[in-house]
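With the hints as your guide, set chain G onto chain P.
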Amino acid sequence: MGTLQQQILETFLAKLAEATVVDAAKIDQLRGLLTEKKKLNADELVRIFSLPPGGDRK
Amino acid sequence: MIKLQSAHIEEIRGIRKLDLDFQEKTFVIYGPNGSGKSGVIDAVEFGLTGEIERLTGRGTKGLSVSEHGPHVDATDPDAAFIKLRVFLPGLGKSATITRRIKSPKKPEIVPADDDVKAAFAEIAEHPEIALSRREIIRFVLVEPTKRSEEVQSLLKLEEIGQTRNALNTAQNRLQTECRNAASHVTSCRETLQRHIETQTLAAKELLEAVNRRRTALDLPPIAELNEDTALDAGLPESAKTVGFNKESALRDLNAFSEAVKGFPDLANREAAAVVADLAQVETDTRLLVALQQRPLIEKGLNLVDGPECPLCDTPWEDEQHLREYLQAKLAKSEEALKLEQSLLTNGTAIADEVARVVGLLLPVKKLAEGQADGDFAQVLTVWASDLEALKTKLATVEGLMALKARLTGDWLDTPKALSDNLKGLGEKVNAKPDQTAALHAQTFLTTAQFRLGDYRGAMRKEQAAKAAWISAKETYDIYCSVCEEKLNTLYGEVQEDFSRFYRELNENDEGQFTAKLTPSEGKLDFEVDFYERGLFPPGAYHSEGHQDGMGVCLYLALMKRLWGLQFTFALLDDVVMSVDAGHRHQFCKLLKVHFPETQFVITTHDRLWAEQIKSAGLVTSKTSVAFHSWTIGTGPLVESGQDIWDEIETGLLKGKVPAAAAALRRHLEYVSHQLADQLGATPRFRADGDYELGELLPSVLARMKKLCGMAADAAQSWGMDAKKKTAVDRKALLSASAGALNVEQWTVNKAVHYNEWANFAAEDFRPVVVAFKDLLGVFVCETCQSWLYVSPKRVNPESLRCGCNSISFNLNPKPNQGGPLEPALLNVSS
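Protein chains in written order, with the working numbering: chain P, 1 to 58; chain G, 59 to 888.
Hints are computed from structural coordinates only; laboratory data are not their basis.
Among the hints, a few may not be true.
[Claimed, not checked] Not the full set, but computed from the structure, chain G residues with beta-carbon under 10 Å of chain P:
(1) Thr221
(2) Asn223
(3) Glu235
(4) Trp527
(5) Ile528
(6) Val540
Keep in mind the model is a prediction, meaning the values are calculated, not measured.
The beta carbon of each residue, even a glycine, is placed where N, CA and C say it ideally should be.
Okay, chain P solo, but in the shape it has when bound:
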């Protein structure tokens, strides 16, 4: 059993994938961001959510 934080993260990402409102590429980037050992930055989140569907903005 992981820590509470790990449990929340895994359940959250699974539910986010089920919800389909956020595409897989963004979920991958969110996973990377949320598992980093540093404080989450809102600017980074805005950048990820603003990406066009499927990946990086050209």
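Frame of chain P; chain G shown alone:
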């Protein structure tokens, strides 16, 4: 987690040098207040986490580990360190960690395997392994919002709170972007509709208007409107520049002129609300400071990347401490946060109106430029630029604060003579000859195409902004719901564990006890049953002892849920004192039954408690230590028993003279202090109480000799010859032992005063040990092995006795032989 095997501490807090053998078992450190128990807790906590809560927690401003962690007399900061040997159950490995006060973030770990380093790094993130009595209150009696913070902090939930805040900030920001994009779409749509004169932007209506002009130009009608459709398709390239269309221009002018009439009332309600909020800020300077600090602190928090404050460069103990400080400051400004939200809501509403005005203004400005009305065009250019800047200011609290004066009046700052200028421009346009049907149709199509392009672009941006916002919002909502679900489950389990622990602790009087933990946004309500009369806040009816017991139970329940089976280690600093005398046995049982795999290091200043823990089987004499006192020079003085001689002999047999010498020295220090106190010895008085062994031991010997003499004299006065003989024999034995030892001989003297035994060979040192053993034997009851003491202790003693009464010398002579006045208590010379 870990199990602690041993600790070697040097120059940390009140400890000079100390070795403790924890044996991976629950361990008790007993000692009176000020004997150095907490110093051990501090040192072990430091060894495992690099922090000392007592120096870095709440109310410790001005204290730091680097400055106040080393012993007060330590001259070399590098000399202050702790070496811990631990077992890592998860890895099945033993390892050592040595951490120096000088470099708390760089422990030396052996073996330096990645998994071992990771295990130590994990435990360093959990300062909650140490619980002190003052911290218990955090969980029980604080207000719900504070409790929530404390429990969140214990469960390491700040990270979750930070993630939630960041997701919320992101979705708020994207929502604002979405609203701005939507305003722009509205503006572009109105501009296009005004041009093509339709009520809606339905494709059919738009194509009807367009095809009518295309037919006039003999261009084929457009059958279908899609994203690539060009309304001016078929026109020669030279005609595709956007030209002047008189009718459309007049409609733009008219729309703007009509809007201008409504300017005095535009968003007045929102502007008044902003002004009222700002007035409140002005009357409450505290609120103003909080409001001004919020963005700065938020920014600072984002920029924290090390132990230096990014805002003022102040060095902190470490990054975590700095972050907690900034977060606490943010939390204090909740009222300011509400005000901020009100200001921003109204500011956004005003900004929407500004966007609409700009949307009406820009076509007119273009028209003025095209009609050679340079002055008016310039006025509109400046105004449009001012309104764009206004829009930006309306989006922040700082910007709104700067706008207070403007928002109390004509906040649009409408240019003077705007209406006249519009009227003049209208007349100029009207004066132009009507356009030919062909030119009208052509400029209609080029203008329509241009405005459709703007509209499409705005829609695409809005679509993207909306998608981003919906993604962010959905993500935030899912995160919140997952957190809520998990935390509710967790709190439910904690509530159940807590109730069970507390019931077991108080099975005699509160066997039906229940409790309720109710989490809500930012709060954690906590109510407990009081003798089945209902649920009440814990401070309502329960005694302080019971409240402390609740704190311990809640801590244990939280730790159990936080760590599960990995909860193998905890430092309980004087925490068990919270449990009143009637429930101690149950407390020991609770630890044994529910936490059989957890090693607790328990300190207590209550000797009886320490003995109860032993008799409950939680610890043995091997896994407990007693500090009888503390001096600044020696640190904690460890109480030792008769088995010390075995320990010394074992050391000598192994050739470990330094270890044996240190043990003998510690034992002598302990015994000298103990006997000086118990027998009422009179060394030269020292105000600091920092007596050296060389000062205490001779005065103890002299005192014992005196007491034996008094006992013999008293026995003689009562005609008790046998008793007199026993007293005389003991006095003689003392003289012989002291003589054999000869405290004044150079070897002993050097050792007593300068501790140079460590340089002896085993065969040289053994006779010294034997001599001291014989000497101290005079002070011990052969039956119960307790140290002799006088009674009463603080006034003229009446007897010299042991714990079991096998030895009991009357010190009072028969009255007619003179009173029991003791010269030694009046005169230091004996």
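_Which numbered hints fail_ = none
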